[in-house]
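Student: Protein chains in written order, with this note's numbering: chain A, 1 to 665; chain B, 1 to 303.
Worth double-checking, as some hints may not be accurate.
[Stated by the list, open to error] So the derived label-pair ranges between C-beta atoms look like this:
(1) A:R555 - B:Q285: 51 to 61 Å
(2) B:R50 - A:A540: 14 to 24 Å
(3) B:R50 - A:A605: 53 to 63 Å
(4) B:V292 - A:C562: 45 to 55 Å
(5) A:H468 - B:F29: 31 to 41 Å
(6) B:A259 - A:L621: 37 to 47 Å
(7) B:A259 - A:G543: 28 to 38 Å
(8) B:A31 - A:V542: 39 to 49 Å
(9) B:R249 - A:V554: 29 to 39 Å
(10) B:G248 - A:E556: 37 to 47 Å
[What the hints assert, rightly or not] Computed footprint of chain A on chain B, listed as stretches where at least three residues anywhere in the stretch have a Cβ under 8 Å from a Cβ of chain A:
(11) 45-59
(12) 125-137
(13) 170-182
Hints are computed from structural coordinates only; laboratory data are not their basis.
Glycine residues also receive a C-beta, built at the ideal position from the N, C-alpha and C atoms.
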Amino acid sequence: MPAQGSMLLFVLLGAVGLLGASGAASVFAGGRSERWSVRLGVGGAVAACLAGLGAAALALVLRADAVRTFAWNLPYGSFAVGLDPLTAFFLVPTFLLSGLAAIYAVGYFRPWHGRNPGRFWLFYNALVASMALVLLARNGVLFLVAWEAMALTSFFLVIHDDAADGVREAGWTYLVASHVGMAFLLALFFLLGRAGGSQDFAAFAAPAGSAGGLFLLALVGFGTKAGLVPFHVWLPEAHPAAPSPVSAVMSGVMIKTGIYGILRTLALLGGVPAWCAWLVLGLGAVSGLYGVLYALAQRDLKRLLAYSSVENIGIVALGVGLGMLGVCHGLPAVAALGFAGGLLHVLNHAAFKGLLFLGAGAVVHATGTRDVERLGGLLKRLPWTGAAFLAGAVAICGLPPFNGFAGEFLIYGGAFKALLGSDSVGLGGLAAVIALALIGGLAVACFARAFGIVFLGEPRTADAEQGHEAGAAMRGPMIALAAICLALGLGAGAAVRILEPAVTMLTGPAGASAGEASMTWLFPITCAALASALLAVVGALVGLRRRLLAGRPVRETVTWDCGYAAPTARMQYTATGFAQPLTQGAEVLLQPHVESRLPAGIFPAAAAFRSATGDVARHRLFDPLFRGTANLLGRLRWLQQGRVHRYVLYVVASLVALLGWALVR
Amino acid sequence: MNAASILHPVLAVALAPLLPGVINRTKAFFAGRRGPPLLQAYFDLWKLFRKGATYSRTTTWIFRAGPIVNFACLLAALMVLPLGRVPAPLAFAGDFILLAYLLGLGRFFTVVAALDTGSSFEGMGASREVQFATFAEPALLVGLAALARQAQDLSLSAMYAGLSAAVWSQALPLLALVAAGFFVLYLSENCRMPVDDPNTHLELTMVHEVMVLDHGGVDFGFVQWAAAVKLWVLGALVVGLFPPGATGRPLADLAAGLAGLLVLAIATGAVESCLARVRLLRVPQLLVGAGVLCALGLLLTFR
């Protein structure tokens with residue numbers, strides 16, 4: 001349906017334009033009226049997201065497939081934009097979460113303390129616009145321009161609180177990581193475009209035998225944005241530094257553009273060698289375990305969530321790797337289940353990670369701290385935030401009846417299907433099963449800890465004691481996301497059906513029938529019927545309990561403390577203590593930095609204990625790498641002397657050299 | 001599916017409290033005591049369900065929801081659980097993943113309900129529970145993967161239905177390894193010896209009992225009943241591995257399965273009487289050992 005496709009494409013471009021215009025308008029209005037600045041910014045964002053969400057959803061249902069090219073005065077560039085199931089699928093969470101986070105931001109930033117709100121809205125709306133453009137672009141130059149715009153706008157959002165401790169350094173880390181990744185993408189698009197003679201995606205061609213190498217470039221370049229280990233180092237720095245609605249959008253959807261890039265490259269290359277599939281599978285397993293173990297060791301709530309994003313990107317990569325393995329070995333059911341699970345997890349993660357970051361933002365807003373050891377008992381003070389956070393925590397652990405289970409179930413399905421296959425593929429399936437099961441168990445530990453320590457028990461400090469519920473603008477989006485998590489869990493069968501055209505793009509036509517068969521067979525019964533039955537049983541038991549307790553005495557007292565006379569909130573189990581058995585087992589990987597002064601002597605005086613967990617990839621891999629590079633480049637310092645005539649000499653010398661080269665050639 | 005399939009979940013809910021009774025009588029026999037009546041668990045439930053409730057001021061609705069959600073998860077798990085040759089009421093590809101994750105959901109709520117009390121005792125139990133689960137869950141799934149690969153089918157009922165005497169004679173090492181692995185999981189998941197001691201309510205060594213220390217009345221009734229059903233669920237996974245030979249008559253198969261569960265309960269009592277609890281730090285090794293047994297079983301299917 002090209003006509004409908006073009007129309008939807010125009011709506012989407014209109015949304016992108018509206019985002020840009022409203023952001024700019026917000027800045028100009030900000031000088032005069034704070035209120036109007038916020039209204040323009042959030043109004044434009046919400047309206048554009050609603051229009052974009054509608055158009056993207058419609059495109060998915062209609063299976064729209066359209067490309068439009070506009071004239072553009074840029075070398076090699078053309079303003080080619082397109083809409084296909086893959087783009088439409090990624091657009092849905094992008095607009096959904098961005099719109100909700102924009103509403104949340106209104107409550108989160110109030111009061112503005114005299115700063116121009118346009119400072120935020122300009123970059124926020126431009127970030128959403130550039131993410132949409134990345135997904136729509138069908139030309140290498142346009143894609144890279146949008147990609148760079150996305151990196152820069154998100155950089156400015158990360159350093160929004162530029163006066164706070166460590167924020168600028170986090171922003172710097174992010175900026176460097178973005179551009180290192182960008183370098184690989186430049187090489188990728190240059191090579192793809194040179195072979196095809198044009199930067200339009202339609203003309204891209206991989207030179208014979210180079211598909212594997214090109215995919216490797218894409219994996220590093222896009223993997224840096226997605227946060228695959230070991231390219232994830234910017235994530236745990238940037239996410240905690242950014243304001244919470246920005247963290248939600250970055251973690252929920254922006255890093256998914258990296259996954260989109262990998263999948264788009266797969267579709268463009270046509271086929272890749274089998275070792276690429278094994279590499280993605282391995283990176284997925286490593287990222288998943290690495291992320292969840294580090295998440296378990298964190299004290300900073302938002303840093304914990306950032307590491308959990310690394311974990312979830314790992315789960316997505318496990319699905320994608322299984323899908324690629326299925327394609328390479330001619331197992332359409334494995335391919336369909338793997339890709340479908342990976343894609344569904346992208347959507348699911350946007351919902352629950354967005355929700356969790358917004359919840360963490362509400363906690364920070366209420367108490368002024370992100371340190372879980374200083375919190376506690378918040379469920380009584382923030383009942384709505386707490387309930388929504390619990391929904392997100394259950395969902396992210398992959399537990400039924402929430403949406404996390406649906407995506408992981410499909411990936412498990414792919415892994416077990418692979419396990420039934422031939423020996424080599426079977427081992428891949430086995431590795432995926434073990435990785436998923438370990439990640440699942442550790443995620444339960446991690447999020448039982450996060451929810452339990454922050455929201456349950458007694459407040460550990462006065463900050464936590466004075467916490468207050470978030471305002472309506474912040475509460476609404478959280479409740480909406482919790483409802484979406486549940487709806488996607490119960491309606492997973494329908495979600496999978498909508499996914500199908502995007503999956504078919506990746507598996508090829510053979511996967512379509514196998515996918516159809518295995519998924520319709522696997523799915524609707526599981527998720528809808530049993531999850532609803534579970535909820536019904538819970539309801540029945542609640543009713544039973546109420547009947548049994550009716551007319552009987554229900555008293556309140558203190559927690560049983562074995563007769564101890566003076567219990568204090570400090571005697572509760574801490575987050576560090578809760579995770580200690582597991583983190584100690586993983587010490588080799590986590591390499592925690594511990595300073596302790598133990599009690600000594602018969603009458604011990606003061607004792608102290610501190611522990612902090614840095615990132616081993618950063619300390620052992622990137623720090624030495626960057627130091628080495630800096631040392632090496634330091635040797636060229638003598639070239640740079642600050643004297644203008646020497647610089648003129650350099651210019652003349654290079655000109656002469658170039659002329660000589662041109663003559664010889 | 002047949003009448004026996006429908007009957008099995010009902011029987012499981014009704015008869016599960018018998019299992020702790022059998023275990024306790026066995027332990028009493030070994031100790032030379034008379035022991036509590038066989039139906040003691042039913043008497044306890046009857047008593048608990050007629051009591052009022054006392055809650056800590058620290059707790060919230062999470063504390064009240066914990067036992068209910070846990071119990072509901074186990075009841076839902078019964079819907080995909082076969083008992084020996086008796087298929088589950090619902091069987092579909094991947095149902096065992098749902099089973100594992102329903103147990104996980106129950107565990108999550110038990111753990112957060114324990115943390116809700118703010119007691120350091122219960123926090124300690126919760127911490128240990130999630131630690132052990134981290135090792136137990138992969139072991140369970142790897143064992144099930146071995147069975148799936150052996151049966152070339154992804155539904156729990158089909159995996160268990162195919163375990164005839166002929167299959168046993170042919171795949172004896174695999175099934176024996178998986179059975180040994182599952183027996184360890186059955187003991188640890190149900191917090192029995194040698195992982196946890198169900199008799200010690202106030203010691204620093206406990207796991208499950210300490211997490212439910214603050215529950216009382218109706219809630220504790222749910223906890224106890226759910227614990228009994230959990231014995232049944234994991235027991236069925238072990239018992240199903242030992243087929244009594246296909247009788248072809250569903251009700252006879254069901255009776256054989258029930259007899260198997262009773263034998264398993266007696267074996268549990270015997271193990272508990274003869275073994276000491278292993279040191280807490282050794283428990284992960286025990287669980288990893290169970291995982292290794294299952295993985296070895298799985299590797300036997302590769303050649």
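Student: Now, for every hint given, state plainly whether the structure supports it.
Tutor: Each hint, compared with the structure:
Distance hint for A:R555 and B:Q285: a CB-CB separation of about 44 Å, inconsistent with the stated range 51 to 61 Å. The given range of 14 to 24 Å is respected by B:R50 and A:A540, whose C-beta atoms sit roughly 19 Å from each other. A C-beta distance of roughly 55 Å is found between B:R50 and A:A605, which places it inside the suggested range of 53 to 63 Å. As the Cβ distance of B:V292 to A:C562 is approximately 38 Å, the hint placing it in 45 to 55 Å is violated.
Checking the proposed 31 to 41 Å range against A:H468 and B:F29 shows it is violated: the Cβ atoms sit about 60 Å from each other. One distance hint, 37 to 47 Å for the beta-carbon pair B:A259 and A:L621, is violated here, with the actual separation near 59 Å. The given range of 28 to 38 Å is respected by B:A259 and A:G543, whose C-beta atoms sit roughly 35 Å from each other. For the hinted restraint 39 to 49 Å between B:A31 and A:V542, the CB-CB distance of approximately 40 Å keeps it satisfied.
Separated by about 50 Å at the C-beta atoms, B:R249 and A:V554 break the suggested range of 29 to 39 Å. Evaluation of the 37 to 47 Å hint for B:G248 and A:E556 yields a failure: the beta carbon distance comes to about 58 Å. Beta-carbon proximity to chain A at under 8 Å applies to 11 residues in the segment 45-59 of chain B; the threshold of 3 is reached and the given coverage holds. Coverage of the segment 125-137 of chain B by chain A holds. Counting CB-CB distances below 8 Å, 10 residues qualify, and the rule asks for three or more.
Proximity of the segment 170-182 of chain B to chain A, defined as three or more residues with a beta carbon under 8 Å from a beta carbon of that chain, is not established by the 0 residues found.
Comparing the model with each earlier hint shows violations of hints 1, 4, 5, 6, 9, 10, 13; every other hint is respected.
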